[in-house]
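Each residue of the sequence shown is one higher than the one before, counting from 17 in this note's numbering.
None of these hints come from the bench; they were simulated from the model.
No residue lacks a Cβ here, since even glycine has one placed at the ideal position from N, Cα and C.
Watch out, some of these pointers could steer you wrong.
[As the list claims (entries may be wrong)] Ranges between beta-carbon positions, derived for each pair:
#  : residue 1 : residue 2 : range
1  : Asn-137   : Thr-105   : 29 to 35 Å
2  : Lys-172   : Asn-101   : 28 to 34 Å
3  : Gln-176   : Asn-90    : 21 to 27 Å
4  : Gly-40    : Asn-90    : 16 to 22 Å
5  : Gln-152   : Asn-85    : 19 to 25 Å
6  : Lys-131   : Gly-103   : 16 to 22 Å
7  : Gln-171   : Thr-105   : 18 to 24 Å
8  : Arg-31    : Glu-93    : 28 to 34 Å
9  : Glu-93    : Lys-59    : 15 to 21 Å
10 : Lys-51    : Asn-118   : 16 to 22 Å
11 : Gln-152   : Lys-51    : 14 to 20 Å
12 : Gln-176   : Asp-22    : 18 to 24 Å
13 : Gln-69    : Arg-31    : 31 to 37 Å
14 : Gly-103   : Ser-135   : 20 to 26 Å
[As the list claims (entries may be wrong)] Derived pair list, reagent style EDC-like, types lysine to aspartate or glutamate, alpha-carbon separation capped at 20 Å:
#  : residue 1 : residue 2
15 : Lys-51    : Asp-113
16 : Lys-26    : Glu-74
17 : Lys-139   : Glu-175
18 : Lys-165   : Glu-155
19 : Lys-24    : Glu-162
20 : Lys-59    : Glu-175
21 : Lys-41    : Asp-29
22 : Lys-41    : Glu-74
23 : Lys-26    : Asp-81
24 : Lys-71    : Asp-22
25 : Lys-67    : Glu-128
26 : Lys-71    : Glu-175
27 : Lys-130   : Glu-93
28 : Lys-41    : Asp-81
29 : Lys-130   : Glu-89
30 : Lys-36    : Glu-18
31 : Lys-27    : Glu-128
32 : Lys-172   : Glu-74
33 : Lys-51    : Glu-162
34 : Lys-27    : Glu-167
35 : Lys-51    : Glu-167
36 : Lys-41    : Glu-155
37 : Lys-130   : Glu-63
38 : Lys-71    : Glu-18
39 : Lys-41    : Asp-113
40 : Lys-165   : Asp-81
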Amino acid sequence: MENIYDFKVKKADGREQSLKDYQGKALLIVNTASKCGLTPQFKGLQEMYEKYQGKGFEILGFPCDQFNNQEFENIDETTSFCQMNYGVTFPMFAKIDVNGGNADPLFVFLKEQKKGLLSKNIKWNFTKFLIDQNGQVIERYAPTTEPDKIEGDLQKILEQ
(Lines of atoms letter the chains of each structure in order from A and count residues from 1; the text may use other names and numbers.)
(Lines give C-alpha, C1' and ligand atoms only; values in the text may rest on other atoms or scores of the structure.)
Protein backbone atom coordinates (compact mmCIF):
# COMPACT_ATOMS: atom_id res chain seq x y z
CA MET A 1 0.00 0.00 0.00
CA GLU A 2 1.46 3.29 -1.12
CA ASN A 3 -1.16 5.77 0.02
CA ILE A 4 -4.61 5.92 1.54
CA TYR A 5 -6.34 5.67 -1.84
CA ASP A 6 -5.52 1.97 -1.84
CA PHE A 7 -8.04 1.39 0.99
CA LYS A 8 -11.75 0.71 1.13
CA VAL A 9 -13.77 1.51 4.24
CA LYS A 10 -17.30 0.76 5.39
CA LYS A 11 -19.80 3.56 5.43
CA ALA A 12 -22.23 3.90 8.33
CA ASP A 13 -24.85 2.02 6.28
CA GLY A 14 -22.47 -0.92 5.81
CA ARG A 15 -21.69 -0.29 2.14
CA GLU A 16 -18.06 -0.22 1.05
CA GLN A 17 -16.46 3.01 -0.15
CA SER A 18 -13.10 3.42 -1.82
CA LEU A 19 -10.94 6.22 -0.48
CA LYS A 20 -10.09 6.87 -4.15
CA ASP A 21 -13.32 8.87 -4.05
CA TYR A 22 -11.33 11.48 -2.08
CA GLN A 23 -8.32 11.58 -4.40
CA GLY A 24 -6.98 15.10 -4.89
CA LYS A 25 -8.38 16.37 -1.59
CA ALA A 26 -6.67 17.09 1.70
CA LEU A 27 -8.13 14.90 4.46
CA LEU A 28 -8.29 14.82 8.22
CA ILE A 29 -8.99 11.28 9.41
CA VAL A 30 -10.18 11.06 13.02
CA ASN A 31 -11.18 8.22 15.34
CA THR A 32 -14.16 9.60 17.22
CA ALA A 33 -16.36 8.80 20.22
CA SER A 34 -19.73 10.19 21.25
CA LYS A 35 -19.40 9.89 25.04
CA CYS A 36 -15.84 11.12 25.66
CA GLY A 37 -14.44 14.16 27.42
CA LEU A 38 -13.04 15.18 24.02
CA THR A 39 -16.39 14.81 22.20
CA PRO A 40 -16.88 18.62 22.12
CA GLN A 41 -14.11 18.64 19.48
CA PHE A 42 -16.87 17.72 17.02
CA LYS A 43 -17.82 21.42 17.12
CA GLY A 44 -14.34 22.54 16.04
CA LEU A 45 -14.09 19.78 13.46
CA GLN A 46 -17.42 20.83 11.93
CA GLU A 47 -16.34 24.49 11.87
CA MET A 48 -13.09 23.50 10.13
CA TYR A 49 -15.04 21.36 7.67
CA GLU A 50 -17.40 24.22 6.80
CA LYS A 51 -14.51 26.66 6.38
CA TYR A 52 -12.37 24.49 4.07
CA GLN A 53 -14.68 21.97 2.41
CA GLY A 54 -15.10 24.15 -0.68
CA LYS A 55 -11.32 24.41 -0.95
CA GLY A 56 -10.66 20.69 -1.43
CA PHE A 57 -10.81 19.41 2.15
CA GLU A 58 -12.74 16.57 3.78
CA ILE A 59 -12.93 15.19 7.31
CA LEU A 60 -13.55 11.47 7.69
CA GLY A 61 -14.84 10.35 11.08
CA PHE A 62 -14.44 6.76 12.28
CA PRO A 63 -16.31 5.97 15.51
CA CYS A 64 -14.35 3.74 17.86
CA ASP A 65 -15.40 2.04 21.09
CA GLN A 66 -11.99 0.78 22.23
CA PHE A 67 -11.41 3.42 24.89
CA ASN A 68 -13.69 2.95 27.93
CA ASN A 69 -16.76 2.10 25.84
CA GLN A 70 -17.41 5.71 24.88
CA GLU A 71 -19.35 5.02 21.70
CA PHE A 72 -22.94 3.97 21.16
CA GLU A 73 -23.55 0.34 20.25
CA ASN A 74 -25.69 1.27 17.24
CA ILE A 75 -24.10 3.37 14.46
CA ASP A 76 -27.43 5.12 13.83
CA GLU A 77 -27.32 6.44 17.41
CA THR A 78 -23.79 7.69 16.77
CA THR A 79 -24.62 9.54 13.57
CA SER A 80 -27.82 11.02 15.06
CA PHE A 81 -25.93 12.16 18.17
CA CYS A 82 -23.23 13.86 16.08
CA GLN A 83 -25.76 15.59 13.83
CA MET A 84 -28.13 16.70 16.59
CA ASN A 85 -25.56 17.85 19.13
CA TYR A 86 -22.77 19.20 16.93
CA GLY A 87 -24.32 19.67 13.49
CA VAL A 88 -21.85 17.22 11.96
CA THR A 89 -22.17 17.03 8.19
CA PHE A 90 -18.80 15.48 7.35
CA PRO A 91 -18.80 11.74 6.56
CA MET A 92 -19.03 9.37 9.50
CA PHE A 93 -18.15 5.77 8.76
CA ALA A 94 -18.88 2.41 10.40
CA LYS A 95 -17.55 1.80 13.91
CA ILE A 96 -14.03 0.32 13.87
CA ASP A 97 -11.14 -0.79 16.05
CA VAL A 98 -7.96 1.27 15.73
CA ASN A 99 -5.64 -0.99 17.77
CA GLY A 100 -5.17 -4.71 18.27
CA GLY A 101 -5.79 -7.74 16.10
CA ASN A 102 -9.06 -6.39 14.70
CA ALA A 103 -7.69 -2.94 13.87
CA ASP A 104 -9.04 -1.53 10.62
CA PRO A 105 -6.38 -1.81 7.87
CA LEU A 106 -6.60 1.94 7.19
CA PHE A 107 -5.62 2.73 10.77
CA VAL A 108 -2.86 0.11 10.73
CA PHE A 109 -1.46 1.98 7.71
CA LEU A 110 -1.89 5.43 9.29
CA LYS A 111 -0.10 4.32 12.47
CA GLU A 112 2.78 2.89 10.42
CA GLN A 113 3.15 6.16 8.52
CA LYS A 114 3.13 8.41 11.60
CA LYS A 115 3.90 6.93 14.98
CA GLY A 116 2.74 8.56 18.18
CA LEU A 117 4.95 10.08 20.84
CA LEU A 118 5.88 6.85 22.59
CA SER A 119 4.43 4.15 20.36
CA LYS A 120 2.52 3.69 17.15
CA ASN A 121 -0.68 2.67 18.94
CA ILE A 122 -3.48 5.15 19.21
CA LYS A 123 -3.81 6.19 22.84
CA TRP A 124 -7.32 7.68 22.86
CA ASN A 125 -10.28 9.00 20.91
CA PHE A 126 -9.80 11.95 18.56
CA THR A 127 -6.33 11.08 17.31
CA LYS A 128 -6.11 12.92 14.00
CA PHE A 129 -4.16 12.24 10.80
CA LEU A 130 -3.65 14.97 8.17
CA ILE A 131 -3.37 13.65 4.62
CA ASP A 132 -2.26 15.67 1.59
CA GLN A 133 -3.88 15.68 -1.85
CA ASN A 134 -1.58 12.83 -2.96
CA GLY A 135 -2.76 10.49 -0.21
CA GLN A 136 0.39 10.86 1.89
CA VAL A 137 0.18 11.07 5.69
CA ILE A 138 1.64 14.47 6.60
CA GLU A 139 1.05 14.68 10.35
CA ARG A 140 -0.45 12.91 13.35
CA TYR A 141 -2.06 14.95 16.12
CA ALA A 142 -2.68 13.96 19.72
CA PRO A 143 -6.27 13.50 20.91
CA THR A 144 -6.08 16.74 22.91
CA THR A 145 -5.01 18.82 19.88
CA GLU A 146 -7.94 21.09 19.12
CA PRO A 147 -8.96 21.33 15.46
CA ASP A 148 -8.08 25.04 15.21
CA LYS A 149 -4.45 24.15 16.05
CA ILE A 150 -4.31 22.09 12.83
CA GLU A 151 -5.46 24.90 10.54
CA GLY A 152 -1.97 26.26 9.83
CA ASP A 153 -0.76 22.87 8.58
CA LEU A 154 -3.95 22.42 6.55
CA GLN A 155 -3.59 25.84 4.93
CA LYS A 156 -0.02 25.00 3.84
CA ILE A 157 -1.26 21.81 2.18
CA LEU A 158 -4.17 23.55 0.46
CA GLU A 159 -1.82 26.23 -0.92
CA GLN A 160 0.39 23.68 -2.68
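Outcome of the hint check:
1. The beta-carbon spacing between Asn-137 and Thr-105, approximately 30 Å, falls within the hinted interval of 29 to 35 Å.
2. For Lys-172 and Asn-101, the Cβ-Cβ distance of about 31 Å falls inside the hinted range of 28 to 34 Å, so the restraint holds.
3. The supplied range of 21 to 27 Å is broken by Gln-176 and Asn-90, whose beta-carbon atoms lie about 40 Å from each other.
4. About 34 Å separates the C-beta atoms of Gly-40 and Asn-90, a value inconsistent with the hinted range of 16 to 22 Å.
5. Against the hinted window of 19 to 25 Å, the Cβ-Cβ separation of Gln-152 and Asn-85 comes to about 33 Å, which falls outside the hint.
6. With their beta carbons about 33 Å apart, Lys-131 and Gly-103 fall outside the hinted range of 16 to 22 Å.
7. The hinted range of 18 to 24 Å is satisfied by Gln-171 and Thr-105, whose Cβ atoms lie roughly 21 Å apart.
8. The beta-carbon spacing between Arg-31 and Glu-93, approximately 19 Å, falls outside the hinted interval of 28 to 34 Å.
9. Glu-93 and Lys-59 have their C-beta atoms about 19 Å apart, which keeps the hinted 15 to 21 Å range intact.
10. Between Lys-51 and Asn-118 the C-beta distance comes to about 21 Å, which sits within the given range of 16 to 22 Å.
11. Restraint check, Gln-152 to Lys-51: a C-beta distance of roughly 33 Å breaks the suggested window 14 to 20 Å.
12. For the hinted restraint 18 to 24 Å between Gln-176 and Asp-22, the CB-CB distance of approximately 22 Å keeps it satisfied.
13. Restraint check, Gln-69 to Arg-31: a C-beta distance of roughly 22 Å breaks the suggested window 31 to 37 Å.
14. Here the CB-CB span from Gly-103 to Ser-135 is close to 34 Å, at odds with the stated 20 to 26 Å.
15. Of the pairs offered as hints, the one joining Lys-51 and Asp-113 holds, with about 16 Å between alpha carbons and a cut-off of 20 Å not exceeded.
16. Taking the CA atoms of Lys-26 and Glu-74, the gap is near 17 Å; set against the 20 Å cutoff, the hint holds.
17. For the proposed pair Lys-139 and Glu-175, the alpha carbon gap of about 31 Å is over 20 Å, so the pair is violated.
18. In summary, the hint linking Lys-165 to Glu-155 is supported, as the alpha carbons are separated by about 12 Å, within the 20 Å threshold.
19. Of the pairs offered as hints, the one joining Lys-24 and Glu-162 is violated, with about 27 Å between alpha carbons and a cut-off of 20 Å exceeded.
20. Distance check on the hinted pair: Lys-59 and Glu-175 sit about 25 Å apart at the alpha-carbon level, beyond 20 Å; violated.
21. The suggested pairing of Lys-41 with Asp-29 is violated, with an alpha-carbon distance near 23 Å, which exceeds 20 Å.
22. A threshold of 20 Å between alpha carbons decides the hint, and for Lys-41 with Glu-74 the separation of about 7 Å falls inside it, so the pair holds.
23. Distance restraint check for Lys-26 and Asp-81: the Cα-Cα separation of roughly 16 Å lies within the 20 Å cut-off, and the hinted pair is therefore satisfied.
24. With a C-alpha separation of about 23 Å, the suggested pairing of Lys-71 with Asp-22 is violated against the 20 Å cut-off.
25. Between Lys-67 and Glu-128 the CA atoms are separated by roughly 30 Å; this puts the pair beyond 20 Å, and the hint is violated.
26. Restraint check for Lys-71 and Glu-175: the C-alpha separation of about 10 Å stays at or below 20 Å, so the hint holds.
27. Taking the CA atoms of Lys-130 and Glu-93, the gap is near 31 Å; set against the 20 Å cutoff, the hint is violated.
28. Taking the CA atoms of Lys-41 and Asp-81, the gap is about 28 Å. The hint is violated against a cut of 20 Å.
29. For the hint pairing Lys-130 with Glu-89, the CA-to-CA distance comes to about 29 Å; that exceeds 20 Å, so the pair is violated.
30. For a cut-off of 20 Å, the pair hint linking Lys-36 to Glu-18 stands: about 12 Å separates their Cα positions.
31. About 23 Å separates the Cα atoms of Lys-27 and Glu-128, which puts this hinted pair outside 20 Å; it is violated.
32. Taking the CA atoms of Lys-172 and Glu-74, the gap is near 15 Å; set against the 20 Å cutoff, the hint holds.
33. Between Lys-51 and Glu-162, the direct Cα distance comes to roughly 17 Å. Compliance with the 20 Å bound is thereby established for this hinted pair.
34. At roughly 26 Å between alpha-carbon atoms, Lys-27 and Glu-167 are farther apart than 20 Å, so this suggested pair is violated.
35. Pair hint Lys-51 plus Glu-167 does not hold up; C-alpha atoms about 25 Å apart against a cutoff of 20 Å.
36. Distance restraint check for Lys-41 and Glu-155: the Cα-Cα separation of roughly 15 Å lies within the 20 Å cut-off, and the hinted pair is therefore satisfied.
37. In summary, the hint linking Lys-130 to Glu-63 is not supported, as the alpha carbons are separated by about 25 Å, beyond the 20 Å threshold.
38. Simply put, Lys-71 and Glu-18 have alpha-carbon atoms about 25 Å apart, too far for the 20 Å limit, and the pair is violated.
39. At most 20 Å may separate the alpha-carbon atoms for a hinted pair to count; Lys-41 and Asp-113 exceed this at roughly 25 Å.
40. Taking the CA atoms of Lys-165 and Asp-81, the gap is near 25 Å; set against the 20 Å cutoff, the hint is violated.
The structure is inconsistent with the numbered hints 3, 4, 5, 6, 8, 11, 13, 14, 17, 19, 20, 21, 24, 25, 27, 28, 29, 31, 34, 35, 37, 38, 39 and 40, although it conforms to all the rest.
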